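Modelling step: build the complete structure from the supplied sequences, incorporating the hints.
So the protein lines, in turn, are chains A and B. Heads up: the first sequence begins at 1 in this note's numbering, then just goes up one per residue. Heads up: the second sequence begins at 1 in this note's numbering, then just goes up one per residue.
The hints are simulated quantities; they were obtained by calculation from the structure and are not laboratory data. Remember, predicted model here, so these are calculated numbers, not experimental data. The beta carbon of each residue, even a glycine, is placed where N, CA and C say it ideally should be. Wrong hints could be hidden among the right ones.
[What the hints assert, rightly or not] If you only want the chain A side, here are some residues facing chain B, beta carbon under 10 Å, derived:
{"hint": "1", "residue": "A22"}
{"hint": "2", "residue": "D30"}
{"hint": "3", "residue": "Y83"}
2 protein chains.
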Amino acid sequence: MFESIFKALGEPTRLKIIKLLADRELCVCDLEEIMKISQPRISQHLKVLKHAGLVNERKEGQRTICSLNRKFLNNTIEQFEQYLSKPLETVPELAEESSRMPTIYGESCMKKYCEKVL
Amino acid sequence: MFESIFKALGEPTRLKIIKLLADRELCVCDLEEIMKISQPRISQHLKVLKHAGLVNERKEGQRTICSLNRKFLNNTIEQFEQYLSKPLETVPELAEESSRMPTIYGESCMKKYCEKVL
DNA sequence: CTCATTAATAAGTACATGCTTATATTATTA
DNA sequence: TAATAATATAAGCATGTACTTATTAATGAG
Chain A
1 MFESIFKALG
11 EPTRLKIIKL
21 LADRELCVCD
31 LEEIMKISQP
41 RISQHLKVLK
51 HAGLVNERKE
61 GQRTICSLNR
71 KFLNNTIEQF
81 EQYLSKPLET
91 VPELAEESSR
101 MPTIYGESCM
111 KKYCEKVL
Chain B
1 MFESIFKALG
11 EPTRLKIIKL
21 LADRELCVCD
31 LEEIMKISQP
41 RISQHLKVLK
51 HAGLVNERKE
61 GQRTICSLNR
71 KFLNNTIEQF
81 EQYLSKPLET
91 VPELAEESSR
101 MPTIYGESCM
111 KKYCEKVL
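Structure below.
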């Protein structure tokens, strides 16, 4: 979930789109004119942004009006900071890793060394 | 700058490393043991994270002890939110785009239409 | 209905990225 | 000094991604 959002943000064209949409909502052909890049390119990037939840769209005739989902973005950032702060053992996806967490750094290396010696 | 940071965060293995380092500093071989993935894979991902500024490292003998640069991360998030909030015309990289910004949505399309008609 | 406009999608291509295996580098230890 | 440990780097490969051009779909206007 964080992954798809960061991946969406980690691309220059999409970052530009985000910033432009932060100013006001725009239709695809507006973005085309403003950014001077091809229409399919816009559409493809918007698709990524929509799937990540960062951009909302509504249809208005033949136009697709896009807007930045600022609430979602702010919320995600907030959640990410909380995610980093919460105890490792409370993260289900990292249960295995958590169980292998050493109590001091370098312990793992020492363990490997000891296994060989013993 | 935001790009490299988001790109670094937009990858599952690196996100895991970030979360593990949020718990405590770890050397490469600790990460290897904890995550059960190959050493070059760890080193390569750490390189990306270091270049993005997210991870610091120090040498301790033959060990490379890595730590999350939490201050930098928090600061970046803060800056990103400010970046999105500040007026478009104050962003140098988007000066061109800003100058082409329409006053109402769909204006660009209308412009194109008018050009043809006239 | 026909044609133009807006947008989405498909196909193809070049380049980027993540991984593996193998090797090089540096520091420790015997 | 020789051997080992920890890490970095190189090379090769497979997959992913961003772009282009071409096509399709849907809406609106004449």
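Verification of the supplied hints:
no.: 1; hint: A22; result: holds, 5 Å
no.: 2; hint: D30; result: holds, 4 Å
no.: 3; hint: Y83; result: holds, 7 Å
The earlier numbered hints are all upheld by this structure, with none contradicted.
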